[in-house]
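Student: One-letter residues, chain by chain:
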Amino acid sequence: MILQTDGQTPIYMQIAHWLETQILTGVFKEHEKVYSQYQLAEMLNINPATAAKGLNVLGAEGILYDKRGLGKFVSEDAKKHIKEKRKDGLLHDLVEQFVEEALHLHIEMEELTSLVQDVYQEKRERENGNN
Amino acid sequence: MEIIKSTDLVKRYGSRLALDHLTASILSNSITGIVGRNGAGKTTLLQIIAGFTQETSGNIEVFSARPFNSLHVSANSIFIDDFLTFPNTLSLVDILEEGERFYPNWHMDLAKKLLAYFELDEQTVHNYLSKGKKSTFNAIFGLATRSALTIFDEPTTGMDASVRSDFYRALLKDYLAHPRTVLVSSHHVDEIEELLEYVLLIDQGKTKLHMDIDDLREYLIGVSGRTELLEQWVKDRDVFFRRRIGETETYLVIQNNVETKDLEKLGFRVESISSSDACVYVTNKHKGGIDDVFRDH
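Residue numbers (the working numbering), protein chains in the order written: chain A, 1 to 131; chain B, 132 to 428.
One or more of the hints may lead you astray.
Computed cross-link-like contacts, BS3-like style, restricted to lysine-lysine with a CA-CA straight-line distance of at most 25 angstroms [unchecked claim]:
| hint | chain 1 | residue 1 | chain 2 | residue 2 |
| --- | --- | --- | --- | --- |
| 1 | A | K123 | A | K53 |
| 2 | A | K87 | A | K29 |
| 3 | A | K29 | A | K83 |
| 4 | B | K304 | A | K33 |
| 5 | A | K87 | B | K392 |
| 6 | B | K396 | A | K87 |
| 7 | A | K123 | A | K67 |
| 8 | B | K366 | B | K392 |
| 9 | A | K80 | A | K53 |
| 10 | A | K29 | A | K53 |
| 11 | B | K136 | B | K337 |
| 12 | B | K304 | A | K53 |
| 13 | A | K53 | A | K33 |
| 14 | A | K79 | A | K67 |
| 15 | B | K392 | A | K85 |
Just so you know, the hints here were simulated from the structure itself, not pulled from any lab data.
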């Protein structure tokens with residue numbers, strides 16, 4: 001992983017996000033131990049305190065759990081939890097942007113709904129055609 | 132545990148006040164960046180901590196002792212800067228051997244490997260080294276002591292960019308393996324920020340900010356929008372920087388204690404401010420920056 005140091009996203013959030021992706025793609029499975037703060041610090045060339053914050057974010061969300069003295073492990077429902085969280089987060093943000101742009105262009109609700117329906121239909125047909 | 136405690140520390144050089152009642156404490160086994168503008172008092176503070184200079188008044192404790200004239204403090208600390216001199220009769224490897232005799236945690240293997248990696252000839256004399264190579268050797272010496280308190284005052288002066296990043300990586304790796312208290316002063320916060328846990332920002336001899344680097348990264352925000360609206364909204368807040376953009380817009384830097392969403396609802400654009408820029412804005416005397424010089428009155 002390459003850290004973005006332009007300050008848009010805090011480094012510990014980038015670490016948390018990256019670990020989530022590692023869990024989603026199966027690099028770490030349920031009840032497996034993830035990297036320690038020291039391993040992360042070494043890998044990413046950052047202070048171990050910053051790395052610990054990234055791990056703690058996932059700990060607080062229940063994606064990782066602690067085994068005293070052994071480190072942090074992937075929780076049972078971690079994958080499901082991450083998927084749901086990302087769906088809520090990203091999808092919601094995109095809808096917000098979409099509606100905002102529509103408002104700038106003075107598009108009425110009806111027109112907006114039919115636009116969504118059209119695109120949804122189109123994408124769905126394409127997907128079914130592919131299958 | 133607090134390893135350094137400074138209370139109302141004052142250092143006066145003639146009529147100049149280098150430290151003006153500076154209060155700060157440093158936790159053990161952490162890396163702290165000591166930052167500030169030229170003449171802010173960084174070096175003076177570090178020299179007092181290392182026991183090189185006496186304070187004028189106030190209190191300073193390092194390992195629970197007053198550092199000046201303390202053998203206990205000097206045996207457990209190292210101060211690395213540009214002015215470090217070694218006898219001309221000793222080769223670089225002789226210097227390392229002397230280091231081993233004095234510092235109980237000395238790591239000769241690391242020192243020799245780093246010397247080879249940075250292509251420093253063991254048999255050469257310190258004084259014959261170029262500025263950048265001198266800095267490199269001094270930094271290696273500082274790492275090899277593995278002192279409980281390791282102080283680097285502008286350690287990378289004259290080093291090539293690649294040597295600088297190699298040195299900081301070496302420092303991080305050795306710190307991970309052998310935690311200790313490290314103080315690094317630098318003009319370039321962006322160069323060391325990933326390495327740091329805390330930042331101590333000194334301004335005019337005082338502690339301006341002392342915080343977690345991750346909090347500093349989110350301490351300030353930049354907001355831009357239509358001048359009348361923005362000025363109206365900001366009138367009860369501290370503005371760290373202000374610049375007009377064209378005829379109708381203004382850009383302001385303020386403390387990050389507002390919801391981004393609320394600002395965006397008002398039609399303002401919000402951007403984050405890096406920790407190095409935050410240090411500059413917080414210590415700015417001129418709220419318009421260099422533009423103030425060119426302003427007609």
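Student: Is the straight-line distance between the alpha-carbon of A/K87 and that of B/K392 25 angstroms or less?
Tutor: Answer holds: A/K87 to B/K392 is near 20 angstroms, not above 25 angstroms.
Student: For the pair we were handed, B/K304 and A/K33, check the Cα-Cα distance against 25 angstroms.
Tutor: Holds, at about 22 angstroms.
Student: Mind checking the alpha carbons of A/K29 and A/K53 for me, to see if they're no more than 25 angstroms apart?
Tutor: Holds. A/K29 to A/K53 sits at ~21 angstroms (cutoff 25 angstroms).
Student: Given the hinted pair B/K366 and B/K392, is their Cα-Cα distance within 25 angstroms?
Tutor: Answer holds: B/K366 to B/K392 is near 19 angstroms, not above 25 angstroms.
Student: Between A/K29 and A/K83, is the straight-line Cα distance small enough, at 25 angstroms or below?
Tutor: holds, 15 angstroms
Student: Given the hint that B/K396 pairs with A/K87, does the C-alpha gap stay at or below 25 angstroms?
Tutor: The hint holds at about 24 angstroms.
Student: Is it true that the CA of B/K304 sits at most 25 angstroms from the CA of A/K53?
Tutor: Roughly 19 angstroms separates the two Cα atoms, so the pair holds.
Student: Is A/K87 within 25 angstroms of A/K29, Cα to Cα?
Tutor: holds, 21 angstroms
Student: Do the alpha carbons of B/K136 and B/K337 lie within 25 angstroms of each other, as the hint requires?
Tutor: holds, 14 angstroms
Student: For A/K79 and A/K67, compute the direct alpha-carbon distance and say whether it is at most 25 angstroms.
Tutor: With a Cα-Cα distance of about 19 angstroms, the restraint between A/K79 and A/K67 holds, given a limit of 25 angstroms.
Student: Please verify whether B/K392 and A/K85 have alpha carbons no more than 25 angstroms apart.
Tutor: Between B/K392 and A/K85 the Cα gap is close to 20 angstroms, so the pair holds against 25 angstroms.
Student: Decide if the proposed pair is consistent with the structure: A/K80 and A/K53, CA atoms, cutoff 25 angstroms inclusive.
Tutor: Roughly 22 angstroms separates the two Cα atoms, so the pair holds.
Hints 1 and 7 from the list above are not met by this structure, while the remaining hints are.
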